[in-house]
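First residue of the sequence shown? That's 40 in our numbering, and the numbers climb one at a time after it.
Check the hints yourself; a few may be wrong.
Computed list of lysine to any residue pairs in SDA-like fashion (alpha-carbon distance at most 20 angstroms, straight line) [stated by the list, open to error]:
1. K670 to K559
2. K609 to T123
3. K524 to T73
4. K427 to T597
5. K559 to G127
6. K427 to R510
7. K427 to K559
8. K427 to L627
9. K698 to S727
10. K670 to T597
11. K559 to Y133
12. K524 to I751
13. K427 to R163
14. K698 to L714
15. K393 to E68
16. K524 to T746
17. K625 to G584
18. K125 to Q165
19. K345 to P324
20. K139 to S561
21. K632 to A657
22. K609 to T73
23. K698 to R673
24. K609 to S727
25. K625 to P576
26. K146 to G366
27. K609 to G588
28. K125 to Q113
Note that these hints are calculated values from the structure, not bench results.
In this text, all values refer to a predicted model and were calculated from it rather than measured experimentally.
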Amino acid sequence: MSSSRRHFLQAAAALATFPPAIRRALAIEANNATGTLTDVEHVVILMQENRSFDHYFGTLNGVRGFGDRFTVPQPEGRSVWQQTGKDGVLLSAYHLDGAKGNAQRAKGAPHTWVDSHNAWGDGRLQEWPRYKTATSMGYLKEAEVPFQFALANAFTICDAYHCAMHTGTHANRSFHWTGTNGPAANVAFVNNVDSWAETGPSTRGFNWASYPERLQAAGVSWKVYQNIPNNYGCNPLLGHPPFLQANEQARQPTDTKRGYAENAPYDSAEDATNPLLKGIANTLPAASEEAFDGGQFVDAFAQDVKAGRLPQVSWVIPPDVYSEHPGPSSPVQGAWFISAVLDALTAVPEVWSKTVFLVNFDENDGFFDHMPSPSAPSPNGDGSFAGKTTLPAADLAAEYYTQAPCPGMPVEQPAPDGRVFGPGMRVPMYVISPWSKGGWVNSQVFDHTSVLRFLEARFGVPETNISPFRRAVCGDLTSAFNFAKPNSAVPPLGGALNKAQADALRAAQQVLPRIAPPKKGSAPRQASGVRPSRALPYELAVVAGFDEGRMRLDFVNTGSQAAVFHVYDKHHLGNAPRRYMVEAGKQLSDAWKPLADGAYDLWVLGPNGFHRHFVGNAAQVDLEARLRYDKAGRQIEILLRNDGNTERRLSLTANAYGKSSRSIILAAQSNQLVLWPVAASGNWYDLSMSVDGMPGFVRRFAGRMETGADSISDPQA
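Given only the sequences and the hints, what does the whole structure look like? Please build it.
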């Protein structure tokens with residue numbers, strides 16, 4: 040049998056294991072007319088509700104999940120997945136097992152501005168269930184979310200995608216649709232605005248522009264697909280006066296008491312004179328509640344696809360029952376809804392070949408995630424900040440809650456407290472398209488503004504509300520695609536249910552008992568195995584030294600994207616960790632005072648498993664190591680420096696990716712360059728340096744050397 044024939048049969052067998060919706064999507068080739076981003080003619084955006092990344096994908100292989108070896112350090116050396124509850128007892132992350140209880144119907148937890156900040160703890164992540172609930176530490180496995188796993192295994196999942204804010208739905212969705220929660224207009228809101236979750240008068244609302252308005256002005260076609268009676272308050276355009284005015288101006292019967300229609304029907308004939316109506320009107324009406332629940336919502340979207348009316352940019356808003364929100368919905372019902380939208384798109388292969396389908400989640404509810412948020416430095420309370428950035432102070436104003444509340448805001452908004460808005464915790468993001476298939480992981484830092492940035496990149500319409508910090512730190516999603524040669528590899532995994540089966544499983548789970556946390560927790564485990572991983576824009580270094588008895592770290596960024604370094608002083612874990620945002624081509628320095636006996640222990644975290652650990656004593660100042668990258672040689676370079684008057688024997692030991700070790704004699708007053716190959720591990724490295732006669736002295740270096748080429752996920756995660 041020829042190799043091409045064997046490859047064809049293997050691909051066909053792998054394809055057959057996926058659910059039908061995914062199988063059809065994988066079988067359709069990408070439009071490859073130019074081999075660039077311009078081959079994308081349609082972008083469909085579906086934002087689901089209230090799930091964290093660890094909650095869904097902590098057990099998925101090849102992502103930064105429960106196998107992460109470089110996590111936020113905790114008091115007493117405990118795991119980050121052991122969090123303190125209200126009674127002071129440690130609660131471990133635990134499996135919401137659908138075979139034993141109602142995993143599909145697990146309750147949510149508080150997720151407002153105050154409790155979210157208290158749980159996050161400025162990045163300490165020590166007392167999550169104390170400010171949330173015990174359920175917040177529950178996570179699902181593939182058995183509970185088979186279709187979600189199938190999406191990740193068929194297309195691309197982003198494991199460094201964060202919600203925009205440490206808070207709930209409305210402010211996060213405002214970032215998603217407008218690039219801001221108000222600071223661009225010198226106001227702000229941080230909690231849900233329940234009174235604006237339905238159509239109202241144009242005399243109130245947000246006083247800044249939205250991205251649909253910018254698309255309209257630029258002549259880019261767009262539409263919001265929603266059923267107004269049941270959009271679950273998830274359309275922030277209901278809070279913007281231009282859309283409310285469009286509703287009042289529509290050619291429709293009005294409610295004589297209100298002076299406007301509460302559920303305005305959509306009429307495409309009005310596009311010529313009242314184009315904003317399609318952002319707020321009932322674009323997907325149902326003849327009856329029964330018809331709506333039966334899928335008429337998706338059928339109406341499908342009609343536009345079949346008739347060639349799908350606009351260049353579409354936002355799809357799910358009904359509550361299919362939003363995946365804990366309470367009204369369930370993961371299995373959300374899976375059906377996503378598959379139904381995908382079915383509608385793939386029903387016309389020519390349309391799907393030119394479409395990007397982005398599915399993300401507005402916020403994490405109260406569910407725990409272990410990754411530190413790439414937020415701006417936290418305020419210390421005395422006018423200073425825990426960390427620094429290379430941005431001017433004026434460019435950071437949009438990152439802190441110091442603005443007056445938006446005009447007409449209800450009383451549930453807390454007073455401005457100066458805390459950092461975000462980005463918040465990680466949430467799932469699937470990049471589903473003919474250019475992103477193959478089970479990839481993308482570990483570039485993104486947040487909700489990244490979706491707008493992708494639209495900017497494709498259609499050339501800028502969103503000026505996005506702050507300088509977000510633009511620097513968060514990517515534009517283009518690294519998640521291969522436009523030049525669309526990937527056709529298909530890993531053999533899958534699983535899905537149709538709508539009737541999903542609804543039936545929800546009902547069956549509903550009658551099962553709540554799943555209680557185990558009395559004795561065990562560490563959650565992640566499936567082994569790597570997945571293909573996209574090239575990233577990071578090239579980072581942290582260099583240690585001493586100045587007048589203080590430990591100094593230099594944060595260096597020679598890559599093409601800004602990065603946030605998190606520094607935890609392990610001798611003072613009660614303090615807020617310091618964060619350093621360093622723009623591309625720049626560097627920062629800061630210093631730490633050792634303990635009275637000279638001891639220091641600094642734990643540094645960065646994007647995609649970047650880690651540095653500096654342990655020692657201030658008396659040990661004559662020896663240091665610096666790591667550099669030799670991309671062409673597929674090796675790292677460790678530059679060793681001995682400024683002392685004594686010869687030193689050093690040991691370099693691999694902590695992962697093999698068992699290599701080297702013993703090195705470093706003469707007094709000398710430097711030495713050591714080369715360490717990394718090609719065999721997909722450019723991943725993790726090694727420690729120790730020194731004879733210097734107990735407690737450790738330098739640890741870990742991460743992935745970026746070469747501009749795609750690679751694999753962390754083999755040891």
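Hints and how they fare:
1. The suggested pairing of K670 with K559 is violated, with an alpha-carbon distance near 47 angstroms, which exceeds 20 angstroms.
2. Note on K609 and T123: the hinted pairing holds, with a Cα-Cα distance of about 18 angstroms set against a maximum of 20 angstroms.
3. For the hint linking K524 to T73, the alpha-carbon distance of about 10 angstroms falls within 20 angstroms, and the restraint holds.
4. Our distance criterion of 20 angstroms between C-alpha atoms is met by K427 and T597, whose separation comes to about 18 angstroms.
5. With a C-alpha separation of about 15 angstroms, the suggested pairing of K559 with G127 holds against the 20 angstroms cut-off.
6. Restraint check: the Cα-Cα separation between K427 and R510 comes to about 17 angstroms, which is no more than 20 angstroms; the hinted pair holds.
7. Pair hint K427 plus K559 does not hold up; C-alpha atoms about 41 angstroms apart against a cutoff of 20 angstroms.
8. Taken as a hint, the K427 and L627 pair is honoured in the structure, with Cα atoms around 8 angstroms apart against an allowance of 20 angstroms.
9. Note on K698 and S727: the hinted pairing holds, with a Cα-Cα distance of about 12 angstroms set against a maximum of 20 angstroms.
10. A distance of roughly 13 angstroms separates the Cα atoms of K670 and T597; the hinted pair therefore holds under the 20 angstroms criterion.
11. Taking the CA atoms of K559 and Y133, the gap is about 10 angstroms. The hint holds against a cut of 20 angstroms.
12. The straight-line distance between the Cα atoms of K524 and I751 is roughly 18 angstroms, inside the 20 angstroms bound, and the hint therefore holds.
13. Distance check on the hinted pair: K427 and R163 sit about 17 angstroms apart at the alpha-carbon level, within 20 angstroms; holds.
14. Of the supplied pair hints, the one linking K698 and L714 holds, its CA atoms being roughly 16 angstroms apart against a limit of 20 angstroms.
15. Taking the CA atoms of K393 and E68, the gap is near 9 angstroms; set against the 20 angstroms cutoff, the hint holds.
16. The straight-line distance between the Cα atoms of K524 and T746 is roughly 19 angstroms, inside the 20 angstroms bound, and the hint therefore holds.
17. For the hint linking K625 to G584, the alpha-carbon distance of about 18 angstroms falls within 20 angstroms, and the restraint holds.
18. Between K125 and Q165, the direct Cα distance comes to roughly 12 angstroms. Compliance with the 20 angstroms bound is thereby established for this hinted pair.
19. Taking the CA atoms of K345 and P324, the gap is near 18 angstroms; set against the 20 angstroms cutoff, the hint holds.
20. In summary, the hint linking K139 to S561 is supported, as the alpha carbons are separated by about 17 angstroms, within the 20 angstroms threshold.
21. The suggested pairing of K632 with A657 holds, with an alpha-carbon distance near 9 angstroms, which does not exceed 20 angstroms.
22. The straight-line distance between the Cα atoms of K609 and T73 is roughly 52 angstroms, outside the 20 angstroms bound, and the hint therefore fails.
23. Note on K698 and R673: the hinted pairing holds, with a Cα-Cα distance of about 18 angstroms set against a maximum of 20 angstroms.
24. Distance hint between K609 and S727 is fulfilled; the C-alpha atoms sit about 18 angstroms from each other, no more than 20 angstroms.
25. Of the supplied pair hints, the one linking K625 and P576 holds, its CA atoms being roughly 14 angstroms apart against a limit of 20 angstroms.
26. Using a Cα cut-off of 20 angstroms, the hinted pair K146 and G366 holds, with the two alpha carbons roughly 6 angstroms apart.
27. Distance restraint check for K609 and G588: the Cα-Cα separation of roughly 18 angstroms lies within the 20 angstroms cut-off, and the hinted pair is therefore satisfied.
28. Of the supplied pair hints, the one linking K125 and Q113 holds, its CA atoms being roughly 17 angstroms apart against a limit of 20 angstroms.
Violated hints for the displayed structure, listed by number in ascending order: 1, 7 and 22.
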